[in-house]
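Undergrad: Take these sequences, add in the hints, and give me the full structure.
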Amino acid sequence: MTDTPGGFILQHPGFRRSDYVYDSDTVYQGSYRCSGTTCTLLAQVTVQLHEAAIGGSSHTWQLTMNMRQYSNPGNITWSYFATYWCGVNVSGGNDYLCTNGAAPSDVSMSVNTLVNKPWGSTNSITVFPMVQASTQFSNGPKVTTKFRGWDTLSRSTTTRLNTTSGTGG
Amino acid sequence: MAELWFDRELGPLSRRGSMLYTSRPDGIWAVLRAERTHPADLDQESGELLGLYGASAHGVGHLLLGDAVRLPPSLEQWSTAPTVPMAQLGSWVPRLLSIDGASQLALTRDFDGLRVFATTWSDQHLTVVAPSTESTAVLRQHDELDAPPPGWDQHGG
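Chains as they are written, first to last, in the numbering used here: chain A, 863 to 1031; chain B, 4 to 160.
Any given hint could turn out to be false.
[To be verified] Calculated from the model, a selection of chain B residues having no Cβ within reach of chain A, i.e. all distances over 12 Å:
1) 9
2) 14
3) 15
4) 69
5) 95
6) 116
7) 125
[To be verified] Derived CB-CB ranges, DEER-like:
8) B:29 <-> A:1006: 38 to 44 Å
9) A:969 <-> B:139: 33 to 39 Å
10) A:1018 <-> B:68: 29 to 35 Å
11) B:17 <-> A:955: 42 to 48 Å
12) A:892 <-> B:106: 46 to 52 Å
13) B:151 <-> A:1002: 24 to 30 Å
14) B:106 <-> A:969: 32 to 38 Å
15) B:104 <-> A:987: 44 to 50 Å
Because the hints were derived from the structure by calculation, they are not lab data.
Quick caveat, the model's predicted, so the values are computed rather than measured.
Just so it is clear, CB atoms sit at the ideal spot from N, CA and C, and this is done for glycine as well.
TA: Right, dumping it as structure tokens:
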């Protein structure tokens, strides 16, 4: 078993909208030009993770990493990147990466679109997605935020989001 | 790469990731492309197909809501906080649409005046939205479209 990477948290912590949908709060990533003690905002983007468990007998999440321009007073450019992992939540123990037919972890993920990620066929475990979202700004900085998704109950016919979730760290 | 869009003039388009859309007085028109979930396993993909199509109706609505497009209440509810598994969306009706002049089987579901088509074409799941007054959807691949380029919001201005 491979331990999950660290630093992924429920962002702020977000909102579990139903048994099947979780939305993180919106996070802002910005780039600044600093001179002496004064910094000027050049650009800002918003980042938010949308997690939908297909539910029932499915063992798949539909994830959307929403990244968009918020402001660009410095008229700079940037690129978005996202990387996906899948974790198994072990109560009182070390979380480990999903196995047994799961979509691979530590792989790049498209942003601003639907991405279907199976967590594998194992039942009676609790799983959660993790997505690292980065913005590389053209003036140099690369800003990264680590999103932990909501815990999901992997079951043969009654898969859904858990009532509560680990928060990560 | 060619883009898939309706075979009729619908005015300037907007883009959200792999979705093209336009919101007009006569309704919302959208085409969303998503990669298959189990690219090497048709059997497994087939077993999840209704759930994936329900999720695609959820997802296309989520993306449109993110761009402040107003949805019919039933699609907004499904796109925000569904209370049943995605495979239980129900009320799908089989219907043919057209892509590059060839007929293609889709499942369609109406949401208060909007019709969502879900189909799998060329190893991608397609989700197509059109007013319910359209009996079908006629799509074709376009080399050029009056739409922002991919990554349009990553660049200045």
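Undergrad: All hints, please: hold or fail.
TA: Hints versus structure:
no. : hint                         : in the structure
1   : 9                            : 19 Å, holds
2   : 14                           : 22 Å, holds
3   : 15                           : 19 Å, holds
4   : 69                           : 6 Å, violated
5   : 95                           : 15 Å, holds
6   : 116                          : 23 Å, holds
7   : 125                          : 16 Å, holds
8   : B:29 <-> A:1006: 38 to 44 Å  : 43 Å, holds
9   : A:969 <-> B:139: 33 to 39 Å  : 37 Å, holds
10  : A:1018 <-> B:68: 29 to 35 Å  : 32 Å, holds
11  : B:17 <-> A:955: 42 to 48 Å   : 47 Å, holds
12  : A:892 <-> B:106: 46 to 52 Å  : 49 Å, holds
13  : B:151 <-> A:1002: 24 to 30 Å : 26 Å, holds
14  : B:106 <-> A:969: 32 to 38 Å  : 36 Å, holds
15  : B:104 <-> A:987: 44 to 50 Å  : 48 Å, holds
Comparing the model with each earlier hint shows a violation of hint 4 alone; every other hint is respected.
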